[in-house]
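Undergrad: Protein chains in written order, with the numbering used here: chain A, 440 to 689; chain B, 440 to 689.
Incorrect hints may appear among the rest.
Copies of the same chain look alike in the list, so a pair counts if it works inside one copy or between any two.
[To be verified] Heads up, simulated DSSO-like pairs for lysine-lysine below, C-alpha to C-alpha not over 27 Å straight-line:
hint, residue 1, residue 2
1, Lys-501, Lys-612
2, Lys-501, Lys-470
3, Lys-531, Lys-616
4, Lys-613, Lys-450
5, Lys-445, Lys-612
6, Lys-670, Lys-501
7, Lys-670, Lys-470
8, Lys-598, Lys-533
9, Lys-445, Lys-634
10, Lys-612, Lys-585
11, Lys-658, Lys-670
12, Lys-533, Lys-670
I should point out that these hints are in silico values taken from the structure, not numbers from a laboratory.
2 protein chains.
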Amino acid sequence: MITKIKIAEIKQLHQKKFRDESDLFLVEGTKSVLDLVNSNLATTELLATDQWLRLHESKLPKEISVLAVSEKEIERISCLKTPQEVLAVAVKPKYNLIDICDTEPILVLDDIRDPGNMGTIVRTADWFGFRQIVCSATSVEFTNPKTIQATMGSFSRVKIFYTDLVSFLNREKKRRKIYGTFMNGSDLAQITYTKNDILIVGNESNGISDDIADLVTEKIHIPSFALTESKAESLNASIAAAIVMYQYNS
Amino acid sequence: MITKIKIAEIKQLHQKKFRDESDLFLVEGTKSVLDLVNSNLATTELLATDQWLRLHESKLPKEISVLAVSEKEIERISCLKTPQEVLAVAVKPKYNLIDICDTEPILVLDDIRDPGNMGTIVRTADWFGFRQIVCSATSVEFTNPKTIQATMGSFSRVKIFYTDLVSFLNREKKRRKIYGTFMNGSDLAQITYTKNDILIVGNESNGISDDIADLVTEKIHIPSFALTESKAESLNASIAAAIVMYQYNS
Numbered sequence: 440m441i442t443k444i445k446i447a448e449i450k451q452l453h454q455k456k457f458r459d460e461s462d463l464f465l466v467e468g469t470k471s472v473l474d475l476v477n478s479n480l481a482t483t484e485l486l487a488t489d490q491w492l493r494l495h496e497s498k499l500p501k502e503i504s505v506l507a508v509s510e511k512e513i514e515r516i517s518c519l520k521t522p523q524e525v526l527a528v529a530v531k532p533k534y535n536l537i538d539i540c541d542t543e544p545i546l547v548l549d550d551i552r553d554p555g556n557m558g559t560i561v562r563t564a565d566w567f568g569f570r571q572i573v574c575s576a577t578s579v580e581f582t583n584p585k586t587i588q589a590t591m592g593s594f595s596r597v598k599i600f601y602t603d604l605v606s607f608l609n610r611e612k613k614r615r616k617i618y619g620t621f622m623n624g625s626d627l628a629q630i631t632y633t634k635n636d637i638l639i640v641g642n643e644s645n646g647i648s649d650d651i652a653d654l655v656t657e658k659i660h661i662p663s664f665a666l667t668e669s670k671a672e673s674l675n676a677s678i679a680a681a682i683v684m685y686q687y688n689s
Numbered sequence: 440m441i442t443k444i445k446i447a448e449i450k451q452l453h454q455k456k457f458r459d460e461s462d463l464f465l466v467e468g469t470k471s472v473l474d475l476v477n478s479n480l481a482t483t484e485l486l487a488t489d490q491w492l493r494l495h496e497s498k499l500p501k502e503i504s505v506l507a508v509s510e511k512e513i514e515r516i517s518c519l520k521t522p523q524e525v526l527a528v529a530v531k532p533k534y535n536l537i538d539i540c541d542t543e544p545i546l547v548l549d550d551i552r553d554p555g556n557m558g559t560i561v562r563t564a565d566w567f568g569f570r571q572i573v574c575s576a577t578s579v580e581f582t583n584p585k586t587i588q589a590t591m592g593s594f595s596r597v598k599i600f601y602t603d604l605v606s607f608l609n610r611e612k613k614r615r616k617i618y619g620t621f622m623n624g625s626d627l628a629q630i631t632y633t634k635n636d637i638l639i640v641g642n643e644s645n646g647i648s649d650d651i652a653d654l655v656t657e658k659i660h661i662p663s664f665a666l667t668e669s670k671a672e673s674l675n676a677s678i679a680a681a682i683v684m685y686q687y688n689s
């Protein structure tokens with residue numbers, strides 16, 4: 440049985456204010472919850488229906504305790520239009536910049552604001568072997584429910600840092616090349632990358648901000664193949680990030 | 440002045456039912472509206488604030504008539520959380536399969552359901568020179584307001600067809616290679632494409648459906664570069680579409 444107070448407490452995590460105060464966040468759906476409980480992140484609550492448990496109990500770590508809930512109760516807590524039969528509360532991981540691996544590449548996000556874009560970028564980074572993402576402090580928090588949803592479990596594998604990008608890039612530029620996408624950059628396919636480069640993706644509307652642009656050492660560009668003069672002016676930020684990470688590996 | 444009846448009429452276009460009945464759809468925001476009125480699509484209404492008109496009147500075609508509205512009135516009609524100062528009603532274009540160009544590639548969407556994904560795919564197709572998209576009848580309509588928003592004006596340049604994909608692919612397979620992404624396909628970078636290929640992108644959850652998979656002549660795969668065994672299982676559909684179109688041009 441779950442109490443009304445507990446339902447109300449968990450539901451507060453829809454709001455950033457309460458996520459910030461408690462350092463907790465919501466995770467919904469089978470794929471995301473199973474990735475969470477089998478990761479290094481801490482889970483404080485796992486709520487599931489009996490039916491879900493029957494199907495998935497074998498995939499849960501032994502030490503985890505599950506609170507049995509009804510579909511109605513899950514619906515009351517869920518952020519989703521079509522709630523699933525499982526939901527967890529996780530502790531926000533606190534990654535520290537000293538944990539960044541020197542021999543791996545870094546994806547840098549300069550002010551990504553859309554929660555869906557952030558989540559899609561984390562999922563794509565996981566696919567392409569980018570295990571560290573450094574975000575400007577103004578970027579959307581990755582524990583936003585829409586972001587967690589869009590990562591499809593990748594939030595549990597990719598380390599996401601928030602910091603002042605100017606200081607960060609100033610420190611890193613001694614040991615890494617810093618790539619950023621610009622309209623007047625070189626074709627990204629023509630470039631030879633090294634193993635531990637930094638790739639910067641800019642804001643959805645404004646691209647890479649001026650103070651960050653000054654720190655880019657290599658300007659790159661995703662070529663357009665439009666057949667007519669009238670054409671798309673830009674790509675969605677998560678699409679640009681994906682193409683840059685794909686080409687980096689090629 | 441705009442009447443209350445006119446406001447109510449336009450606002451109905453938030454709903455698919457009324458878009459279907461009227462063959463009209465809503466377009467919001469400066470970029471999308473300017474792309475619309477300067478395209479081959481027909482505009483039936485253009486609503487703008489005086490301030491917007493002062494800034495953008497020179498970019499409008501001469502023959503178009505503008506209904507002056509207040510910000511409050513636009514807010515009442517808008518689908519957006521942060522309404523912009525311009526909004527148009529457009530006539531749904533009726534593209535016919537006989538208009539498909541034999542010498543250009545085709546992007547095929549097998550049951551894309553998310554309006555945002557659909558819009559992002561249209562925008563990316565425009566960037567990469569894919570001017571024709573053929574969708575299964577079950578795919579989300581591209582005139583959904585969230586789709587139009589995500590295309591950033593590209594809805595006015597890319598031709599989007601809806602049809603039965605099995606019959607369509609059966610006809611086209613005589614003259615085009617048909618590529619589809621599968622977990623067991625060949626690395627898409629290793630393939631030599633021809634100019635008029637078909638690239639198929641599958642549904643967000645289920646990928647390419649079985650009856651369509653049978654018609655794929657070349658199975659391709661986007662390689663993952665994850666460093667650990669535990670990794671993302673898949674890419675978002677709009678990300679997969681983008682990488683396939685990018686590689687196709689490379």
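Undergrad: Does each hint hold? Answer for all of them.
TA: Do the hints match the structure? See the list:
1. Lys-501 to Lys-612: This pair counts as neither: shortest intra-copy Cα distance 45 Å, inter-copy 52 Å.
2. Lys-501 to Lys-470: Only inside one copy: Lys-501 and Lys-470 sit 18 Å apart there, 54 Å across copies, limit 27 Å.
3. Lys-531 to Lys-616: neither (30 Å within a copy, 48 Å between copies)
4. Lys-613 to Lys-450: neither (45 Å within a copy, 56 Å between copies)
5. Lys-445 to Lys-612: Answer is neither; intra-copy 47 Å and inter-copy 58 Å both fail.
6. Lys-670 to Lys-501: For Lys-670 and Lys-501, only the inter-copy Cα distance (22 Å) is at most 27 Å; the intra-copy one is 55 Å.
7. Lys-670 to Lys-470: Between copies, since 12 Å is at most 27 Å while 38 Å is not.
8. Lys-598 to Lys-533: within (9 Å within a copy, 47 Å between copies)
9. Lys-445 to Lys-634: neither (47 Å within a copy, 59 Å between copies)
10. Lys-612 to Lys-585: neither (33 Å within a copy, 40 Å between copies)
11. Lys-658 to Lys-670: within (22 Å within a copy, 30 Å between copies)
12. Lys-533 to Lys-670: Close across copies (21 Å), not inside one copy (43 Å); limit 27 Å.
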